[in-house]
Amino acid sequence: MRESEVPQEGSRTLAGHRKAVYAVAENGKLRLVPSRGWEVEEIVTRQAVEDLERRAEQARARARAGQSSPLEYHMYRARMDLELLSQTTGLWRWRVRRHFRPAVFSRLPLALKQRYAAALGVSVEALGKAE
Amino acid sequence: MPEAFVHAHASHCESGVMSSLLRHQGPPMSEAMAFGLASALSFAYLPFIRINGLPLVSFRMPPRAIIKGLERSLGLSMRFETFRSPSDGMARLDALLDAGKLVGLQTSVFWLPYFPPDLRFHFNAHNLLVYGRERDEYLISDPVGETTVRCAREDLQKARFAKGVLAPKGLLYFVTKPPLAPDWARLGRRALARTARIMLAPLPLIGVRGMRLLARQIERLPLADGGERARLYIGNIVRMQEEIGTGGGGFRFLYASFLQELAEKTGYTILDGLAARLVEIGDRWREFALAAARMIRGRDALAPPVLAAQLRALAADEKLFFQNLHRAQRAWAL
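If you read the protein sequences in the order shown, they are chains A and B. Counting from 1, position 72 in the first sequence corresponds to residue 72 in the numbering used here; the numbering is continuous, with no gaps. Counting from 1, position 117 in the second sequence corresponds to residue 117 in the numbering used here; the numbering is continuous, with no gaps.
Please keep in mind that the hints were generated in silico from the structure rather than gathered at the bench. Positions of the beta carbon are idealized from the N, C-alpha and C atoms, including for glycine. Among the hints, a few may not be true.
[Unchecked claim] To give an idea of the interface, some chain A residues facing chain B are shown, with a C-beta separation under 10 Å as derived from the structure: (1) E9; (2) G10; (3) T13; (4) L14; (5) E26; (6) G28; (7) V40; (8) V44; (9) R79; (10) L112; (11) A118.
[As the list claims (entries may be wrong)] Anything over 12 Å on all C-beta distances counts as not near chain A; from chain B, calculated: (12) K68; (13) E71; (14) R72; (15) F83; (16) A91; (17) L97; (18) W111; (19) E137; (20) V175; (21) W184; (22) P204; (23) G248; (24) Q260; (25) T266; (26) V279; (27) R327.
[What the hints assert, rightly or not] Dumping the calculated DSS-like pairs for lysine-lysine here, alpha-carbon to alpha-carbon at most 30 Å: (28) A:K29 to B:K169; (29) A:K129 to B:K163; (30) B:K169 to A:K113.
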């Protein structure tokens, strides 16, 4: 890649930041060139983000329909999966999965709710609602 | 606060942190040099490590390889500390900063508020430097950022004590004994040998053979679900190659820059030709990424075998390249 070919496409995934890439300058030497982004990067990053957002949206719909607890929604909203939430809270996976059941979740002791809230970076009140 | 700390923009966090850390101790050390001397270039396809259900594909050595590699080859001493309790970890950081140390941290990108929202994934091996503190705000030199930033205590603590794969456990590190004046030719030659050995390793998941195995997996991606999973699978490869701070082309341009710099420092000009060849290979990787992205967006029909063929061609190119690198390294009379 030549320096003049370094993409400067203003990817929204970079939110105005510039990332460093290496490219060949006029004198034939490679050097660091700040880039405003490449559409290819934007496509694959948005793809990953949208996949997580879609999972969160589906979980929210399930929570609204009473098929799942808001915990599942908040897990995806924090870009986590069952494995990571279990590791972050130190709870076994089957326990976390059990807490996805609305009836079980509503009876959850405050201490456990606080643990989830801290792991997911939300308040305990917010954790109780899929909003 | 360490006086006259100079922030430098870098493409990759670990090589960026190490080059800034070393430069602060004295000897000049570019990011490319730090990356190359630590033999950080690689390829690995690790299907047993899954992130959001997708296999890990990596274009470099595992986290901490650069730090450890430079510690070994440059003869500097570093101290690494992890903590069971977050408050201990923060207190120790404060004490080191008060003593004027420049401190490296391992963090999770997800909890760093200054990162662009779309790039905040649960990746736990992000390295950054802390060069000072003003009350509850830390002064941070994040090598992938163009300028220094500030981060609130609470956020930094969360980022340092994130859980999951590669959990940092509050890891901090600093230099205890500055490096010796490097013998570029001797270190460079050894670093080239290591990288050639890894890329040509007779192991199915690593190096050139790992690329071929990945090509086979791509070819076999099921398309029955409308290609949803196949698109995520190839998107993940491209993310590892381009998006996550590789300097472009899966670190190939960065390594080419190292070869050029080594040629200049030692006068071993064969490396210049190899650097030019590696730039061409990096361009092929960019073409692969472009083709994949077009398929993900639906601009081109989703055709995994086409991508697999491109990846096989890359494997063939890199095989030849690293054989030549190996030969050049052996022929290098010191």
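Practice problem: Find the hints from earlier in the document that the structure breaks and name them by number, from lowest to highest. | Solution: 1, 2, 5, 10, 18, 23, 24, 26, 28
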